Every structure is written in structure tokens, then in C-alpha cells.
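**Q** Fit chain G to the supplied structure of chain W, relying on the hints for placement.
Residue numbers (the working numbering), protein chains in the order written: chain W, 1 to 117; chain G, 1001 to 1113.
Do not rely on the hints blindly, as some may be mistaken.
[Said to hold, decoys possible] If you want a taste of the chain G side facing chain W, the calculated C-beta under 8 Å gives, among others:
| hint | residue |
| --- | --- |
| 1 | Gly-1043 |
| 2 | Glu-1045 |
| 3 | Ile-1102 |
[Unchecked claim] Computed far set for chain W versus chain G, every beta-carbon distance over 12 Å:
| hint | residue |
| --- | --- |
| 4 | Leu-43 |
| 5 | Asn-103 |
| 6 | Arg-113 |
[Stated by the list, open to error] As a list, the in silico DSSO-like pairs of lysine-lysine whose alpha-carbon atoms are at most 30 Å apart:
| hint | chain 1 | residue 1 | chain 2 | residue 2 |
| --- | --- | --- | --- | --- |
| 7 | W | Lys-44 | G | Lys-1108 |
| 8 | W | Lys-44 | W | Lys-62 |
| 9 | W | Lys-27 | W | Lys-44 |
| 10 | G | Lys-1003 | G | Lys-1108 |
| 11 | W | Lys-44 | G | Lys-1003 |
| 12 | W | Lys-44 | G | Lys-1069 |
| 13 | G | Lys-1105 | W | Lys-71 |
| 14 | G | Lys-1003 | G | Lys-1105 |
| 15 | G | Lys-1069 | G | Lys-1003 |
| 16 | G | Lys-1108 | G | Lys-1069 |
| 17 | W | Lys-62 | G | Lys-1105 |
| 18 | W | Lys-71 | W | Lys-27 |
| 19 | W | Lys-44 | W | Lys-71 |
| 20 | W | Lys-51 | W | Lys-62 |
| 21 | G | Lys-1105 | G | Lys-1069 |
| 22 | W | Lys-71 | W | Lys-51 |
| 23 | W | Lys-62 | G | Lys-1003 |
| 24 | W | Lys-51 | W | Lys-27 |
Think of the hints as simulated: they come from the structure by calculation, not from any bench. These numbers come from a predicted model, not from an experiment. The beta carbon of each residue, even a glycine, is placed where N, CA and C say it ideally should be.
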Amino acid sequence: NAGVMQNPRHLVRRRGQEARLRCSPMKGHSHVYWYRQLPEEGLKFMVYLQKENIIDESGMPKERFSAEFPKEGPSILRIQQVVRGDSAAYFCASSPTGSLLSNQPQHFGDGTRLSIL
Amino acid sequence: DAKTTQPNSMESNEEEPVHLPCNHSTISGTDYIHWYRQLPSQGPEYVIHGLTSNVNNRMASLAIAEDRKSSTLILHRATLRDAAVYYCILRDNYGGSQGNLIFGKGTKLSVKP
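Extracted from the complex, chain W is given alone in its bound form (with noise of 0.2 Å):
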């Protein structure tokens, strides 16, 4: 049974480009959380979606940060027109039911490594 996918690993970007990362969660779930994780520094949530709905984007930047978890296909972290800040390693994780309610554990994939020049 595959764990959380997670592609690339490592991602090297310029300022002002784009960045996709992409998240294919455990076989049978259907729920997936996005954190980030500065050098250093503990996991910081960003997003919560289930197939095709936003749930939870508190911790998501305003702008040039976007989420989604299609019907079909990973869910993908998108982020526009990068600055060196952005710079940070990024997780997502799966639950097979809305982790909260159930007290199920999140697994969590290994993470991308997003590097800005």
C-alpha cells in the first residue's frame, strides 16, 4: 500500500516563476493537508481540501498561493511569481476521513524541497 506521494523532492525555481507541487495521498483517502516547514522550525498548516472542495485555507498566504485536489488526479500547491522567502520544505498529508472528527493520524509524504535563486 504506497504512502503519500510526493513530486517533485526537489524543486529549484527562480524569483518570479511558478512553482507546482503535486500530491498524490494514500489509496482510499480522501482528505489532504498542506504544511510548510521553514530551516529550523516546526510544521506550519496551510490548507485543508477534500476531492474538489476547499475546507480550511487559514494558514494560506492571500496571494500568489493557490490550492486544489481535483476529482481526479493529486492535489497541487501552487505558487505564483516566487520570492526568495518562499524558499522552505513542503508537506502534504492524507487522512482517509476528515482527520479531526475520526482523531485519525495524518500520514504525511517527504516532503518537496522548494529552493528559490
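**A** Structure of chain G alone, referenced to chain W:
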């Protein structure tokens, strides 16, 4: 979600037990105590969680104080592969956040051979 306090770092010897403490004095009656760990260059990994009673699984044990204001993650025999940052997280199942985990800085555990 209520806040947790953990030591920044701890050291252990291989094959010895490790007790990782976590203080959560403002815990509410509906908060579960979750532990995750993050190995170098990897995503966080679920370890264990509990509400009031002590819990055991194949990875670790969780000892919860009677007043629930603190808890301890116990690794019974540390191995080099247990070297990681361990996060203690409270999750409120009623109201509060929508399900996201709130990570602090955790405890960096070093294991010496």
C-alpha cells in the same frame, strides 16, 4: 488548540529507554494528546495518541498524568533510527481547528551508540 511545552533537545544511549516529557497545563477535557516524530529529511510520522489512559503500541508507550497536564512518550529501547524530532500535539475534537496539526519546535532526540 492548547499549547505544549517540550525540552529543545535530549540525549540517549542506544538500547536504553527514553522518556520524552511534554507539558500541557491548559489542556481541555476534549483534547487528545498526539505524538509525531520527524526523521532527518523525511515527513512527520505518527507515533501514538491518547486521551486519559496510558497507551501502548509497537512503536512506543504514552503515559498520561492523572490531571492530564503532562504526558511522557516512552521509547523502551532506543535505536539509532529513533534519532528524530519528536512533537507533542494537542487536538481538540470539538470545535477549534478543522483538523490541521499545530506543530511546535519539538524535542530533538540524539541517540549515541
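**Q** Evaluate each hint against the coordinates.
**A** Going through the hints against the structure:
Restraint check, G/Gly-1043 versus chain W: the minimum CB separation of about 3 Å is within 8 Å; hint holds. Nearest Cβ of chain W to the Cβ of G/Glu-1045: about 7 Å, under the 8 Å cut. The hint holds. With its C-beta approaching chain W no nearer than about 7 Å, G/Ile-1102 sits inside the 8 Å limit, and its interface hint holds. Listed as a non-interface residue, W/Leu-43 fails to keep its Cβ farther than 12 Å from every Cβ of chain G; the least gap is roughly 4 Å.
The beta carbon of W/Asn-103 is not kept farther than 12 Å from every beta carbon of chain G, the shortest such distance being approximately 6 Å. Look at W/Arg-113: its CB is around 9 Å from the nearest CB on chain G, not clear of 12 Å, so calling it non-interface is violated. Distance restraint check for W/Lys-44 and G/Lys-1108: the Cα-Cα separation of roughly 18 Å lies within the 30 Å cut-off, and the hinted pair is therefore satisfied. Proximity of W/Lys-44 to W/Lys-62 is assessed by CA-CA distance (about 15 Å); at most 30 Å being required, the pair is judged to hold.
As the CA atoms of W/Lys-27 and W/Lys-44 are separated by approximately 25 Å, the hinted pair is consistent with the 30 Å bound. Only pairs whose Cα atoms come within 30 Å are accepted, and G/Lys-1003 paired with G/Lys-1108 is accepted, the gap being roughly 18 Å. The straight-line distance between the Cα atoms of W/Lys-44 and G/Lys-1003 is roughly 14 Å, inside the 30 Å bound, and the hint therefore holds. Straight-line distance between C-alpha atoms of W/Lys-44 and G/Lys-1069 comes to about 24 Å, which keeps the hinted pair within the 30 Å bound.
With a CA separation close to 35 Å, the supplied pair G/Lys-1105 and W/Lys-71 exceeds the 30 Å bound. Proposed proximity of G/Lys-1003 and G/Lys-1105 is supported: the alpha carbons are some 12 Å apart, at most 30 Å. Distance hint between G/Lys-1069 and G/Lys-1003 is fulfilled; the C-alpha atoms sit about 11 Å from each other, no more than 30 Å. Taking the CA atoms of G/Lys-1108 and G/Lys-1069, the gap is near 22 Å; set against the 30 Å cutoff, the hint holds.
This hinted pair checks out: W/Lys-62 and G/Lys-1105 have alpha carbons roughly 25 Å apart, not beyond 30 Å. The suggested pairing of W/Lys-71 with W/Lys-27 holds, with an alpha-carbon distance near 14 Å, which does not exceed 30 Å. The straight-line distance between the Cα atoms of W/Lys-44 and W/Lys-71 is roughly 26 Å, inside the 30 Å bound, and the hint therefore holds. Using a Cα cut-off of 30 Å, the hinted pair W/Lys-51 and W/Lys-62 holds, with the two alpha carbons roughly 21 Å apart.
At roughly 19 Å between alpha-carbon atoms, G/Lys-1105 and G/Lys-1069 fall within 30 Å of each other, so this suggested pair holds. Among the hinted pairs, W/Lys-71 with W/Lys-51 is consistent with the structure: their alpha-carbon atoms are about 6 Å apart, no more than 30 Å. Between the alpha carbons of W/Lys-62 and G/Lys-1003 the distance comes to roughly 26 Å, so the proposed pair stays at or under 30 Å and holds. For the proposed pair W/Lys-51 and W/Lys-27, the alpha carbon gap of about 13 Å is at most 30 Å, so the pair holds.
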